[in-house]
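Using the hints, position chain B against chain A.
Spelled out from the first residue to the last, the chains are:
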Amino acid sequence: MCWTGDGRHSSQMVAVPSHARSAAAPTRTTIGPLDLTLLAVANGLLVVGMWVRHGGLQELATTAGRFTAEGQLTALLGTYLILIQLILMARSPWLEQRFGMDGLAKAHKWVGFSAVWLLVGHGVLTTIGYAMGDQQSFIGEAWTLLTTYPYVLMATAGMALFVAVGVSSVRAVRRRVSYETWYGIHLYAYLAVALAFAHQLAVGTDFSSDPLARIYWITLYAVTALLILTFRVGQPIRVNLRHRLRVAQVVQESPDVLSVYVTGRELGRLPVRAGQYFTWRFLARDGWWRAHPYSLSAAPNGQFLRLTVKALGDGSSAMWDLTPGTRIFVEGPYGVLTGARRTRQRSLLIAGGIGITPLRALLEELPAPPNGLTLLYRASSWDDVVFGAELDELMAQRGAAVHYLVGRRGSAELPEDPLAPDMLLGLVPDVRRRDVFLCGPAPMMAAAVASLAALGVPPAQVHAERFEY
Amino acid sequence: MAPRRGLIALVLTAIALVLLLNFKTPQMTVGFGPTAVVAAPPTAGLAPTAPSSPPPTAGPTTTPAVAGASVPPPASSSTPRSPAAASGQATGQVSETPFGPVQVRISYANGKITDVIAVQVPSDRFRSQAIAAYAVPILRGEALQAQSAQIDTVSGATYTSEGYAMSLQSALDQAHL
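Quick mapping for you: the protein sequence lines, in order, are chains A and B. Everything in the first sequence is counted per our numbering, starting at 90 for the first residue and increasing by one. Everything in the second sequence is counted per our numbering, starting at 36 for the first residue and increasing by one.
A hint or two may mislead.
[As the list claims (entries may be wrong)] Some residues of chain B that are not near chain A, with every Cβ distance over 12 angstroms (derived): (1) L55; (2) A121; (3) Q128; (4) A144; (5) G146; (6) D150; (7) S158; (8) R162; (9) A165; (10) G176; (11) Q185; (12) T193; (13) M201; (14) D208; (15) H211.
[Unchecked claim] With a Cα cut of at most 20 angstroms, we get these calculated SDA-like pairs of lysine to any residue: (16) K59/B with A231/A; (17) K59/B with T233/A; (18) K59/B with A287/A; (19) K59/B with E230/A; (20) K59/B with A509/A.
What the hints contain is simulated information worked out from the structure, not anything from laboratory work. Backbone N, C-alpha and C fix where the C-beta goes; we use that ideal spot for every residue, glycine too.
This is chain A alone, in the form it adopts within the complex (with noise of 0.2 angstroms):
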């Protein structure tokens, strides 16, 4: 879902020039997304290289010592991926203009669940080994190791913390559990990942009397460390205290959709393009402690920074009550979906619902040449369209198509499905040689991809962020 504006302040809007701001362009260096893949990669492969130096294959001649060595490169290996996974989410913008939040997000949820069955083996494969080799049941094993092995008990809670994470992500139980409590129980991730740290010195054979392999452990740890505290906490920090944000209106768009205009200092040099979003997190006595991401909806313009919800779930109604003057504390901006995506002259806008948000800024940004710059906007109602004057306005001053692609799939008003390719060939013939940016809800962003790629729209001219959290 993505989030949105405001017909009745729409001329004041549209009338703020909207300059082409650059200063988030995203940088162009000669690393790319492979690369960093690659390093990722290479980094897992010295680790099992550490394994096998320290006689992992040798282990793997008896019963008992392969279950101990297995149990050790699992160790191994779970850890480098929690690692992995702290890096993913430490929202670095090196990562982040290079895989998009969304493509992180996707990867930071398999690695995730990798990382936690291989810890579980771990702890299950080391007792059984260890249990093997002194003629111990498992469950004597496994006190032994609590009770007499360093650190271990630590690490054995820190797991069990990591389950937890991973449980409450499972989506049967995501989808029973609310948004905070969560995000609360992934946060413990942290701690878990301190309480397996002493354990591993102490009694991971790979440290105890490797000098080096040390060093290169304690390394992947502050690397992974510095790169969270300087995006994570550093960062927004910085940005809370310099622009320091606050509400300055709250605007009804429609029966449920508001929009909130943000002032703040410095705005101009905000770095922040149409299409990005934030996390905000609304300094109110009610609903302090929800950070939610919404898109900007319109370009930031150095005056203000507008962001439109569809406000009806838990937290989101609470935006209602906003007075004005009342404290924000933004992280981002975020997002890959931007006009430094553009790889042709004329684009091609597909909004689904609120998610025209993000899709209403760029419309102001975006090149428009004759002819070339076209937004469908699909709902479901004429009440779930916003910002009609607004768009009808930019219509009229830039020179772009708008067509309202309204109802109900199959409806007498909507008999066929207006995304389907023969569809979208008929409303925009020259899609091929345009850029697609699109934004809604799930299936829908699906069935415009799908179609895209039937009409034979090159992948790379297709932009889409997904925020699903």
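Here is chain B on its own, set in the frame of chain A:
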């Protein structure tokens, strides 16, 4: 509401954390590394904790027990001159295993082994130390019982057992027992 639940979670977490951090295993007091085994709970047969072998008898004794397994005494420094030497000490040769060296020193009196001390045991990793701590007393008991190096392998400590037996044999050879 969420903030209250968060506060409760925070307090519970802090309590759990304090309890966890206060849990100490015996080895933790020493810290990491190969010295840990030295301060492990006194197990019979491990070098520095075994004052049970006073070297009062005249004769070819080695230097007094060195404090710390990591500083091995000069190997085979004690060679009794007469085969009939009734009592004394002898240090076996270092026997290398994949997990580290094993070396034992025997005390004997009237042609009988009175004690076996492990001067060095594999200690480069915690697991090895744990194995040694459990295997060495068993091996010592076996050696004292058998009065020879013909001792059974302790299961789960194959390498340590073999190294122990080899070093023991070397010590016995030196003592001409």
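Hints, verified against the model:
1. L55: 5 angstroms, violated
2. A121: 39 angstroms, holds
3. Q128: 23 angstroms, holds
4. A144: 34 angstroms, holds
5. G146: 35 angstroms, holds
6. D150: The claim stands: D150/B keeps its Cβ more than 12 angstroms from every Cβ of chain A (closest is about 25 angstroms).
7. S158: Given that some Cβ of chain A is not farther than 12 angstroms from that of S158/B, nearest at about 9 angstroms, it is violated.
8. R162: Given that some Cβ of chain A is not farther than 12 angstroms from that of R162/B, nearest at about 6 angstroms, it is violated.
9. A165: 7 angstroms, violated
10. G176: 17 angstroms, holds
11. Q185: Given that every Cβ of chain A is farther than 12 angstroms from that of Q185/B, nearest at about 22 angstroms, it holds.
12. T193: 8 angstroms, violated
13. M201: 20 angstroms, holds
14. D208: D208/B clear of chain A: closest Cβ-Cβ about 30 angstroms, beyond 12 angstroms.
15. H211: Per Cβ check, H211/B is outside 12 angstroms of chain A; nearest 36 angstroms; holds.
16. K59/B with A231/A: 16 angstroms, holds
17. K59/B with T233/A: 13 angstroms, holds
18. K59/B with A287/A: Answer holds: K59/B to A287/A is near 13 angstroms, not above 20 angstroms.
19. K59/B with E230/A: 18 angstroms, holds
20. K59/B with A509/A: Violated, because 66 angstroms separates the two Cα atoms, which is more than 20 angstroms.
Checked against the numbered hints listed earlier, the structure breaks hints 1, 7, 8, 9, 12, 20; every other hint is satisfied.
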